[in-house]
Amino acid sequence: MKFDFTEDQHEIKRTAKDLLAARSTLEKQREAAEAGEYDLALWAELADLGWPGVAVEEAFGGGGLGYVELAGLLEEAGYALLNGPFLSTAICAAAISEAGSDSQKEEWLGRLASGEATGAFGLEGEIVPDGASSDVVVVAAPDGSSARLLTGEGAMPALQTIDPTRRYGIAEGELAEGEEMPGDVAAAIDLATVLVSAELVGVCRRVLDMTVEYVKDRKQFGRPVGSFQAVQHRCAQMLLSTEGARATTYFAAWAADSDRERLPEAASLAKSAASKAGVEVTASAIQAHGGIGFTWEADVHWFFKRAELDAAFLGSSGEHDRRLTALLSS
Amino acid sequence: MDLTFSEEEIEFRDELRDWLGSNPPGEEPRSDQDAAFAFRKEWQNSLFEGGWAAVHWPREYGGRDASLMQSAIFFEEMGRANAPLPANGLGLILAGPTIIAWGSDQQKDRFLLPILSAEEIWCQGFSEPEAGSDLAAVKTKAVQDGDEWVVTGQKVWTSVAQYSKWCMLVARTDPEAAKHKGLSYFLMDMEQEAVQIRPLVQITGEAEFNELFLEEARIPADNMLGGEGDGWNVALTTLMNERSGLGFFLQTQLRRALDRLVEDAKENGQIDDPVVAQALGEMHVRTETLRLLAYRGLSIIEQHGQPGPEGSLTKWLWSETNQMLSQLAVGIRGAKSLTEGDPWAYDLLRSRGNSIEGGTTEILKNIVAERVLGLPRK
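Chain order of the listed sequences is A and B. Numbering of the first sequence is given in the working numbering, commencing with residue 1 and proceeding in unit increments. Numbering of the second sequence is given in the working numbering, commencing with residue 1 and proceeding in unit increments.
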């Protein structure tokens with residue numbers, strides 16, 4: 001058993017982390033969020049590096065690696081609060097790979113993998129990241145019984161959410177339009193669920209790092225607030241939640257590549273843990289930052305907002321808990 | 001990333017499963033503590049005969065040189081087979097590995113074999129009324145008298161003391177030295193007048209634990225483990241072993257309890273209530289998270305030689321989950337879960353101790369904050 005990334009996979013992650021630390025600073029994220037724009041130059045660079053297509057089969061112009069590698073990249077994207085259509089394009093490619101017809105794969109996978117086209121994926125009736133601003137959108141029935149592929153920007157109405165770091169659309173009635181998709185829609189949903197969990201793991205890790213740094217530095221009553229047990233225990237709880245989300249998400253990414261029978265359960269385990277951790281850990285980060293954490297000027301709120309939207313996307317923690325009981329007791 | 005067992009690990013597991021198949025543990029008697037202990041002693045003897053008593057010990061001392069992963073598999077299989085913990089669990093998990101690490105050849109020859117066979121039971125004399133979480137505050141003192149040490153003091157939370165031949169005893173040999181520097185580690189014979197045992201009745205009504213009163217108990221100088229003043233370091237070896245593979249046994253117990261509760265909820269129809277379904281799902285997530293964290297922790301030690309943060313998290317997560325589960329059972333099964341003799345009633349009470357024994361949750365959080373996250377000490 002090797003319950004960790006291989007050396008190659010670590011290398012991919014490290015490289016991604018270094019690149020994003022340099023090119024996708026929180027200052028840049030703030031600028032983009034406040035202007036309501038994506039950093040398209042960075043997106044082009046990531047597409048050149050093959051990020052959106054890392055798990056797409058080589059036959060369709062992808063990198064031919066797996067969902068473990070893609071999850072690793074998304075974790076780093078979450079860590080950097082990356083703006084732009086990386087998550088949405090990657091999960092759209094995963095959805096078309098699983099649920100698309102041969103001609104749909106032929107038409108879209110190569111373009112999504114190269115970044116020439118952007119994509120989105122979501123559930124009917126729900127908020128869809130980049131749903132209103134992508135070249136191709138896949139909308140699935142929440143029960144996995146069917147899915148449609150829609151093209152062209154404005155496939156669905158745009159929506160303002162509390163998260164200005166990302167654009168969103170709302171899928172309303174899209175299942176009646178577009179092209180039918182003949183493949184495994186349930187698997188497409190599960191894969192997307194794992195991938196958004198990976199982004200949440202990165203979000204949790206980042207705010208935990210930010211919080212630990214802050215409470216070591218911030219002094220009250222003549223000593224660092226991080227030396228108070230109440231603050232220490234809060235941070236310990238953040239670590240427990242983060243590591244639980246991480247272990248379940250890595251397991252699910254591995255199952256996506258290597259044990260498809262366990263994917264439905266693994267995906268729900270990961271999303272339940274990651275949604276819960278995402279909301280709790282980012283909220284806890286605001287609290288640990290005290291008054292400054294409640295200001296627009298501090299950066300923790302971007303992560304809280306991203307986490308709230310990610311946590312609700314493709315099923316909340318409670319929804320996945322109920323699904324697990326149904327899976328378990330059937 | 002590869003979450004499958006290696007061929008060697010599968011071979012180990014299958015050999016153990018075969019053995020368990022032909023040597024089923026049977027049902028532990030619940031009502032009578034002495035009968036239960038005798039049952040567990042017999043079970044350990046059966047493990048010993050089969051060469052399974054201490055898989056994690058080196059082969060030269062009667063173990064199987066099991067890797068961390070194989071030890072985990074061992075405990076997981078024991079849990080799955082509904083086996084009881086062996087009677088001399090403290091000897092196998094704590095005393096044996098500590099003697100192997102620190103003992104002289106004579107000490108190893110004298111003590112190891114009877115630990116394996118359960119012929120000599122061991123207890124642990126660390127905690128004291130004034131030294132619970134703070135081991136360095138031990139007050140029990142040992143004074144040299146010729147080739148013997150004379151020990152006076154009090155110990156608490158000593159489980160299986162009434163059945164024990166030996167005690168792993170930490171006592172203060174140098175009252176002048178700094179707190180943790182004045183300690184030494186002894187192997188004390190329990191069979192002497194100067195050692196008085198008083199059962200400590202706990203909230204379940206049983207007495208798993210005891211108080212020990214030592215009035216000039218005598219220990220031959222040869223029974224010091226490590227050197228004079230090494231007690232703190234020897235004790236750390238013992239404590240490091242405390243959280244080994246056992247967690248996998250506890251995780252499988254938790255898994256089985258949750259499966260039983262799901263069955264109960266199906267039977268009485270509660271599972272159709274979304275609130276109940278969600279609560280059971282949450283327990284499933286916690287139980288599987290525990291298993292995955294434990295495996296990830298082991299795997300990272302095997303791959304990188306250094307533990308990650310997982311080891312300090314699993315005991316905390318386990319105790320919290322076990323408490324939540326027995327409380328949920330009361331909600332799902334109703335007040336019959338609160339009646340005398342109901343297994344859930346027992347678990348409800350017993351689980352309150354889980355977040356105290358073997359390191360309170362508060363201490364574990366302190367350790368995580370200071371040693372894993374690097375937050376400043378007071």
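Note that these hints are calculated values from the structure, not bench results. Please note that a few of the clues may not be correct.
In the PhoX-like style, the derived pairs of lysine-lysine whose C-alpha atoms are separated by at most 25 Å in a straight line are [to be verified]:
#	chain 1	residue 1	chain 2	residue 2
1	A	Lys-219	B	Lys-378
2	A	Lys-2	A	Lys-17
3	B	Lys-336	B	Lys-266
4	A	Lys-216	B	Lys-378
5	A	Lys-17	A	Lys-28
6	B	Lys-165	B	Lys-139
Pair by pair, the computed Cβ-Cβ distance ranges are [claimed, not checked]:
#	chain 1	residue 1	chain 2	residue 2	range
7	A	His-10	B	Ala-101	29 to 37 Å
8	B	Pro-114	A	Asp-217	50 to 58 Å
9	A	Glu-261	B	Asp-34	42 to 50 Å
10	A	Lys-216	B	Lys-179	25 to 33 Å
11	B	Ala-136	A	Asp-143	58 to 66 Å
12	B	Lys-179	A	Gln-220	38 to 46 Å
Just so it is clear, the structure is predicted and the values come from calculations on it, not from any experiment. From the three backbone atoms N, C-alpha and C, an ideal C-beta is built for every residue, glycine too.
For each hint, the structure was consulted:
1. For the hint pairing Lys-219/A with Lys-378/B, the CA-to-CA distance comes to about 13 Å; that is within 25 Å, so the pair holds.
2. Straight-line distance between C-alpha atoms of Lys-2/A and Lys-17/A comes to about 22 Å, which keeps the hinted pair within the 25 Å bound.
3. Restraint check: the Cα-Cα separation between Lys-336/B and Lys-266/B comes to about 17 Å, which is no more than 25 Å; the hinted pair holds.
4. The straight-line distance between the Cα atoms of Lys-216/A and Lys-378/B is roughly 12 Å, inside the 25 Å bound, and the hint therefore holds.
5. For a cut-off of 25 Å, the pair hint linking Lys-17/A to Lys-28/A stands: about 16 Å separates their Cα positions.
6. For the hint pairing Lys-165/B with Lys-139/B, the CA-to-CA distance comes to about 23 Å; that is within 25 Å, so the pair holds.
7. Distance hint check: the CB atoms of His-10/A and Ala-101/B are about 33 Å apart, consistent with the given range 29 to 37 Å.
8. Hint check: Pro-114/B to Asp-217/A, Cβ distance near 56 Å, so the stated range 50 to 58 Å holds.
9. Glu-261/A and Asp-34/B have their C-beta atoms about 47 Å apart, which keeps the hinted 42 to 50 Å range intact.
10. Lys-216/A and Lys-179/B have their C-beta atoms about 27 Å apart, which keeps the hinted 25 to 33 Å range intact.
11. Roughly 59 Å separates the CB atoms of Ala-136/B and Asp-143/A, a value that falls within the hinted 58 to 66 Å.
12. In this structure the hint that Lys-179/B and Gln-220/A lie 38 to 46 Å apart at CB is violated, the actual value being about 30 Å.
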